[in-house]
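Student: Whole structure, please, built from the sequences with the hints as guidance.
So the sequence lines, in the order shown, correspond to chains E and X.
Okay, so the first sequence: first residue is 1 according to the numbering used here, each after it adds one.
Okay, so the second sequence: first residue is 1 according to the numbering used here, each after it adds one.
Calculated directly from the structure, the hints in this document are not laboratory data.
Keep in mind that the hints are not guaranteed to be accurate.
Chain X regions said to be covered by chain E (calculated; three or more residues, Cβ under 8 angstroms) [as the list claims (entries may be wrong)]: (1) 142 to 153; (2) 227 to 240.
Taking CB as the label site, the calculated pair distances span [what the hints assert, rightly or not]: (3) E:Val-165 <-> X:Gly-264: 14 to 22 angstroms; (4) E:Ala-49 <-> X:Ser-135: 44 to 52 angstroms; (5) X:Ile-43 <-> E:Val-165: 31 to 39 angstroms; (6) X:Arg-190 <-> E:Lys-224: 43 to 51 angstroms.
Some chain X residues well away from chain E (every beta-carbon gap over 10 angstroms; in silico) [as the list claims (entries may be wrong)]: (7) Trp-25; (8) Ala-78; (9) Leu-106; (10) Ala-196; (11) Gly-200.
These numbers were taken from a predicted model, which means no experiment stands behind them.
Where a beta carbon is used, it is the ideal one built from N, C-alpha and C, also for glycine.
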Amino acid sequence: MLTRGTLIYIGQRLLLIVFTVLVVSFGVFAVVHSLPGNAFVSDRVHGNALRILLHQYGLDLPIPVQYWNFLKGVVHGNLGVSLYIRDLPITPLVLRELSVSAMLGGAALIVTIGLGITFGVLAAVRQNTWVDYLLTSIAVVGYSVPSFVIASLGILIFGQWLNNVSHGALFYPEPWTGTYGTLAELSLPAIALGFYTSGQITRITRASMLEVIQQDYIRTARAKGLENRIVIIRHALRNALVPVTSILGPTIIGIITGSVVIENIFGIPGLGKEFVESIFQHDYNVTVGVFTIYAVLIGFANLTVDLVYTVIDPRIRY
Amino acid sequence: MATLLPESQLEYAGGTLAGEQVSLWRDGVRRLRRNKLALAAAIYLMLLALVCLLSLVWTPYKPNLIGTCETYALPTGAHPLGCDDLGRDSLSRLMVGSQVSLAVGLATATIVLVIGVAVGLVAGYFRGAVDAFISLDINIFYGVPPLLVAVALYVLLGPSLINIIIAISATGWMDMARLARGQALSIREREFIEAARSGGARAGKIVFGHIMPNALGPIIVQATFVIPAAILTAAFLTFLGFGVPPPTADWGGMASEGLPSLQGGFDPYILLWPAVALSVTLLAFNFFGDGLRDAFDPRQKR
Numbered sequence: 001m002l003t004r005g006t007l008i009y010i011g012q013r014l015l016l017i018v019f020t021v022l023v024v025s026f027g028v029f030a031v032v033h034s035l036p037g038n039a040f041v042s043d044r045v046h047g048n049a050l051r052i053l054l055h056q057y058g059l060d061l062p063i064p065v066q067y068w069n070f071l072k073g074v075v076h077g078n079l080g081v082s083l084y085i086r087d088l089p090i091t092p093l094v095l096r097e098l099s100v101s102a103m104l105g106g107a108a109l110i111v112t113i114g115l116g117i118t119f120g121v122l123a124a125v126r127q128n129t130w131v132d133y134l135l136t137s138i139a140v141v142g143y144s145v146p147s148f149v150i151a152s153l154g155i156l157i158f159g160q161w162l163n164n165v166s167h168g169a170l171f172y173p174e175p176w177t178g179t180y181g182t183l184a185e186l187s188l189p190a191i192a193l194g195f196y197t198s199g200q201i202t203r204i205t206r207a208s209m210l211e212v213i214q215q216d217y218i219r220t221a222r223a224k225g226l227e228n229r230i231v232i233i234r235h236a237l238r239n240a241l242v243p244v245t246s247i248l249g250p251t252i253i254g255i256i257t258g259s260v261v262i263e264n265i266f267g268i269p270g271l272g273k274e275f276v277e278s279i280f281q282h283d284y285n286v287t288v289g290v291f292t293i294y295a296v297l298i299g300f301a302n303l304t305v306d307l308v309y310t311v312i313d314p315r316i317r318y
Numbered sequence: 001m002a003t004l005l006p007e008s009q010l011e012y013a014g015g016t017l018a019g020e021q022v023s024l025w026r027d028g029v030r031r032l033r034r035n036k037l038a039l040a041a042a043i044y045l046m047l048l049a050l051v052c053l054l055s056l057v058w059t060p061y062k063p064n065l066i067g068t069c070e071t072y073a074l075p076t077g078a079h080p081l082g083c084d085d086l087g088r089d090s091l092s093r094l095m096v097g098s099q100v101s102l103a104v105g106l107a108t109a110t111i112v113l114v115i116g117v118a119v120g121l122v123a124g125y126f127r128g129a130v131d132a133f134i135s136l137d138i139n140i141f142y143g144v145p146p147l148l149v150a151v152a153l154y155v156l157l158g159p160s161l162i163n164i165i166i167a168i169s170a171t172g173w174m175d176m177a178r179l180a181r182g183q184a185l186s187i188r189e190r191e192f193i194e195a196a197r198s199g200g201a202r203a204g205k206i207v208f209g210h211i212m213p214n215a216l217g218p219i220i221v222q223a224t225f226v227i228p229a230a231i232l233t234a235a236f237l238t239f240l241g242f243g244v245p246p247p248t249a250d251w252g253g254m255a256s257e258g259l260p261s262l263q264g265g266f267d268p269y270i271l272l273w274p275a276v277a278l279s280v281t282l283l284a285f286n287f288f289g290d291g292l293r294d295a296f297d298p299r300q301k302r
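Tutor: Structure representation (structure tokens):
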């Protein structure tokens with residue numbers, strides 16, 4: 001399967017990822033370091049004391065030199081130390097937050113793909129009936145309504161209304177407890193996050209199912225007397241999924257973007273929450289670290305999706 | 001179909017073959033008007049524009065005036081939507097908030113249209129090194145989450161409406177550029193471009209005088225989807241606290257102000273109104289965009 005061409009292609013893509021990460025991290029580095037104010041504002045230190053602090057953290061050096069030092073650290077897996085919680089190493093912090101975000105994102109991805117493909121197939125099979133209209137409308141609502149609205153309505157309905165109706169027997173527990181939360185606590189954020197991207201998947205699954213169902217080999221399968229369900233699931237869906245994989249990349253980016261908002265609503269200690277906090281706290285090193293991790297993540301997500309594409313559709317070669 | 005035949009052949013003994021002659025534009029408008037959902041969306045958007053214009057000159061109360069009624073007052077006759085955590089009239093703030101959303105949506109769509117189309121057409125027409133450079137740029141921008149870049153840019157530029165628009169435009173031009181590039185790549189091979197080139201037309205004239213008008217259909221449809229996307233990103237930004245400076249009202253910021261009172265469990269309305277306004281507006285733009293695409297871009301499949 002791994003031909004020479006594929007390997008060269010993967011190599012090129014890895015180079016592009018490295019290049020992108022370099023450009024992005026330098027861009028963000030330059031941006032945050034040219035902002036007015038710094039992480040020591042709350043210390044109320046001035047004059048020599050401030051100069052000593054800045055020197056201690058290497059912040060008095062020219063930005064290219066600082067960036068070079070940052071890169072040297074990154075090669076050793078060291079993203080530097082936090083300036084807000086002084087001297088706290090960032091790498092373990094960010095890795096832990098990444099695992100929390102990855103759990104949330106993974107759950108949201110399952111929700112997105114599950115909902116999107118189910119709705120898309122149902123809408124296509126029942127084309128131009130009320131089922132179709134209902135499900136495609138839900139899809140438009142999905143990518144129109146902001147995820148923080150879905151999340152807030154969820155808190156209102158499942159956190160409070162359901163609590164009142166069931167007298168506290170059944171409700172959504174808020175806020176998030178501990179680092180990883182419980183399965184019940186994960187449910188609403190994952191649904192709020194996944195619902196948005198599921199709309200696009202519903203749309204594409206429906207369109208591509210409609211196209212596949214009309215093809216001759218489906219008629220052949222039916223003519224052989226196969227049960228409708230088997231024709232749809234085993235014969236049609238498999239081929240209909242090829243275009244769906246092409247939007248998995250944007251879907252993953254959508255989930256990563258959305259997680260920033262969702263984590264802040266539900267108080268989930270993930271990368272997105274850290275990102276927003278670090279900006280408000282002028283914690284440059286953390287901001288740059290989080291950004292770099294996001295860039296690496298998206299690069300590899302896109303690469304993986306493109307490789308999965310070749311597995312699902314053997315006609316595609318690189 | 002019938003228009004392919006010369007005028008003289010359209011008539012035969014039984015009458016005319018052609019029936020009525022319909023231009024692409026009129027045909028599109030007719031299809032759009034038959035689409036009830038798109039029509040309703042268009043009516044809503046016109047009403048919203050009217051409300052937005054009205055809010056520039058008149059609101060029931062001053063939108064930033066604190067203490068027009070009790071804090072967290074529930075809806076009453078005098079204050080149809082109630083009041084927020086500072087006793088400001090929610091209806092007035094909701095009306096004024098539409099300005100930010102519409103301004104961001106329309107301004108971003110215009111900027112993205114101009115930049116994306118110019119960059120994309122140039123890449124698609126000249127190909128080679130120019131295309132490689134532009135495509136690399138597009139790929140780099142695709143490699144970062146747009147919201148985070150917008151946050152970073154916004155923080156760099158400082159809090160203002162203009163900077164929100166700049167930040168969102170800077171992260172939203174790639175799809176448009178890709179679309180325009182694809183259009184240019186296919187149109188540049190057509191005969192009429194070859195004719196223009198052999199006639200001695202210069203590159204600028206070919207790109208913007210011949211290719212652009214023929215690529216405009218899908219591009220305009222795409223632009224209508226940029227508006228809700230920009231409003232959504234702006235709402236995310238303002239919701240996270242990277243918004244227009246207070247006390248100016250905007251829907252994302254109002255929603256985030258309402259979140260604590262919702263989580264505290266005593267007044268869901270503060271969050272509900274901006275959330276509903278945002279959702280309905282975004283839905284309307286998307287429905288209208290869908291209708292526009294079905295009407296004017298029949299080649300594109302749903």
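Student: For each hint, tell me whether it holds in the structure or not.
Tutor: Status of each hint after checking the structure:
1. 142 to 153: holds (count 10)
2. 227 to 240: Result for this restraint: holds, n = 6.
3. E:Val-165 <-> X:Gly-264: 14 to 22 angstroms: At roughly 19 angstroms between Cβ atoms, X:Gly-264 and E:Val-165 fall inside 14 to 22 angstroms, so the hint holds.
4. E:Ala-49 <-> X:Ser-135: 44 to 52 angstroms: 50 angstroms, holds
5. X:Ile-43 <-> E:Val-165: 31 to 39 angstroms: 37 angstroms, holds
6. X:Arg-190 <-> E:Lys-224: 43 to 51 angstroms: For E:Lys-224 against X:Arg-190, whose Cβ atoms are near 45 angstroms apart, the range 43 to 51 angstroms holds.
7. Trp-25: At about 26 angstroms from chain E, X:Trp-25 clears the 10 angstroms cut-off, so the statement holds.
8. Ala-78: About 25 angstroms separates X:Ala-78 from the closest Cβ of chain E, which puts it past 10 angstroms; holds.
9. Leu-106: 18 angstroms, holds
10. Ala-196: 34 angstroms, holds
11. Gly-200: 40 angstroms, holds
Consistency with the previously given hints is maintained throughout, with no hint failing.
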